[in-house]
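**Student:** Heads up: the sequence lines are chains G and R, in that order.
When we follow my numbering, the leftmost residue of the first sequence carries the number 1, and every step to the right adds one.
When we follow my numbering, the leftmost residue of the second sequence carries the number 1, and every step to the right adds one.
These aren't lab readings, by the way, just hints derived from the structure by calculation.
It is possible that part of the hints are untrue.
Cross-link-like lysine-lysine pairs, in silico, BS3-like; alpha carbons within 27 Å at most [what the hints assert, rightly or not]: (1) LYS78/G <-> LYS370/G; (2) LYS324/G <-> LYS314/G; (3) LYS32/R <-> LYS78/G; (4) LYS251/G <-> LYS32/R; (5) LYS66/R <-> LYS265/G; (6) LYS370/G <-> LYS73/R; (7) LYS251/G <-> LYS36/R; (8) LYS32/R <-> LYS256/G.
Computed far set for chain G versus chain R, every beta-carbon distance over 12 Å [unchecked claim]: (9) GLN38; (10) ILE245; (11) GLU301; (12) MET327.
Just so it is clear, the structure is predicted and the values come from calculations on it, not from any experiment.
Cβ coordinates follow ideal geometry from the N, Cα and C atoms, glycine included.
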Amino acid sequence: MRETILHTDTISAEEAEKTGFQTPQGNGRRMTLNMGPQHPSTHGVLRVVLELDGETIIKAVPDIGFLHTGIEKECEVKTWQQVVTLTDRVDYLANLSNNLVYALAVEKLIGDIEIPAKAQWLRVMMAELSRLNSHLVWLGTHALDIGAMSVFFYCFREREDILRILEMFSGQRMMTSYIRIGGVALEPPRGWQAAVGKFIGAFPSKVDEYEELLDTNPIWTRRTKGVGQAPLEVLLDLGVTGPMIRAAGVKWDIRKSEPYSSYEKFDFEVPTRTENDVFARYRVRLSEMRQSARIVKQALEGMPEGAWQADAPKIVLPEREKMKTQMEALIYHFKIVTEGFRVPAGEAYQVVESPRGEIGYFVVSDGTSKPYRLFMRTPSFGNLQALPALLEGRLLADSIAALGSMDFVLGDTDR
Amino acid sequence: MADAIVGGHAEHGEPTLFISRSRIVDVCRFLKDDQKFVRLSGITAVDWHPADPRFEVVYLLHSLEKNIRLRLKCRVAESQCEIDSVTGVWRAANWYEREVFDMFGIGFRNHPDMRRILMPHDWEGSPLRKDYPVHGFKYSYQNE
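Sequences and hints are given; from them, build the entire structure.
**Tutor:** This is the structure in structure tokens:
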């Protein structure tokens, strides 16, 4: 990377005056531009070194790692249940998807643990609410990048409602850690049906509002249509997943192809487009918001009765009341809190569909109370690798739209 | 091709094949071209310190058409800490192999751009190795 900077070849003011502000010819046209790591449209700390010929991008080299915090290493010294709080911090917008994939992977390793229907449905509902949250932040900030400022305020208005619901359920707005190994963290609060029902009843009309705001905006359509395209084979080869690949015409959604946490019981569609440009990605995400709202509505209406945690006293913390009256409950509580539970030796790879694509956790256990190795296959890392394919050979002005349409979270990339 | 496979198992319904280190590129090419494993989900490694061979390089494959996942593993010894790169098969391998190189110090032969990806370029050591400390820092500022 350092060598690239040394070749920086810019035109000085005097030189420009001498040549009468003519575009220089030959090698002088080349220029290396350092975008980021603190550029507002990189949505975090991403650095892209762009080599330009005039306004055309010849080469784009993403430079990541600014947000690397060593989460995978940290997981190896935490107990199994403690790791849940770390999975939140991987992707601050899709924290519930990360909680979910971790819990599912560990439950797969444990084997004989049955998650009650109510916990599964709660997980689905919360994961979909966090998908809405993520898509709303994406839409607001992406529109802001392109110049449609008001959409940002509309999106954050609805996002605030979602965060209030998350706070109601878990006590936290963002780092919820709501989905735990063996179920969910807390019993649903009193009056949750009314809160979720009120939000989800109004939400579809809000999506119509965003659609009207953007579709009738000529600047938006001209800056997004035909921008940021790359051949489908290239995208697949580069490991792109999620709405990006669905906007290229691949009808693949892990919630349908490898259903988890009883997603097979919900009725929803997988929206796809074929244009494979920034506009198509926007349309796919907009349709996904409508589908997620449908899922939340179904979960709200058909929420099963019963327990919200598995009947596994060695894994799930006992109720407070039981600890005061039952000796076993007190012992289990002591064991879980001091030592943590053991997970049988083995390995598992679990995937879920996050708002950005495939999250996969590869968990290795050596039979102790801490994970031996936890590899997080994060969608932002996989998708960001395709950035040069979207930028190279195109105009610099389009790079912002293309970058934004990928919807990456840098914490998710660097872990 | 069969002689390249040195073992395998299917835990929790997830098939895993152990591949001999020298044949990994052939096997991957066959799986992609003939068996339609179009996607490479990721590459990672596990450090089984102090066992020998010390490392396992893990390849997570996915076939969209057949909707199946397959895991390949190669054992890599610490004394010969390198393996052939599969970037020629899937371009997605590029960053994942750089990450394994960065975190475990396993080299990938014929990789187009073998540099650190997440850690600073002048970093010493491989953070995800088991003998690398979780806490602490090499330099002490207290006596300065």
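**Student:** Evaluate each hint against the coordinates.
**Tutor:** Going down the list of hints, with the structure as the test:
1. With a CA separation close to 6 Å, the supplied pair LYS78/G and LYS370/G stays within the 27 Å bound.
2. Between the alpha carbons of LYS324/G and LYS314/G the distance comes to roughly 17 Å, so the proposed pair stays at or under 27 Å and holds.
3. With a C-alpha separation of about 37 Å, the suggested pairing of LYS32/R with LYS78/G is violated against the 27 Å cut-off.
4. For the given pair, LYS251/G sits about 20 Å from LYS32/R by alpha-carbon distance, which is consistent with the 27 Å threshold.
5. Under the criterion of a C-alpha separation no larger than 27 Å, the hint pairing LYS66/R with LYS265/G is consistent with the structure, at around 22 Å.
6. For the given pair, LYS370/G sits about 23 Å from LYS73/R by alpha-carbon distance, which is consistent with the 27 Å threshold.
7. Annotation: proposed proximity of LYS251/G to LYS36/R holds, straight-line Cα distance about 17 Å (limit 27 Å).
8. Only pairs whose Cα atoms come within 27 Å are accepted, and LYS32/R paired with LYS256/G is accepted, the gap being roughly 23 Å.
9. At roughly 17 Å from the closest C-beta of chain R, the C-beta of GLN38/G stays outside 12 Å, upholding its exclusion from the interface.
10. Not every Cβ of chain R is farther than 12 Å from the Cβ of ILE245/G; the closest lies at roughly 9 Å, contradicting the non-interface assignment.
11. At roughly 30 Å, the least C-beta separation between GLU301/G and chain R is larger than 12 Å, which holds for a residue marked as non-interface.
12. Once the 12 Å rule is applied to beta carbons, MET327/G is consistent with being away from chain R; the minimum gap is 35 Å.
Consistency with the previously given hints fails for numbers 3 and 10, ordered from lowest to highest.
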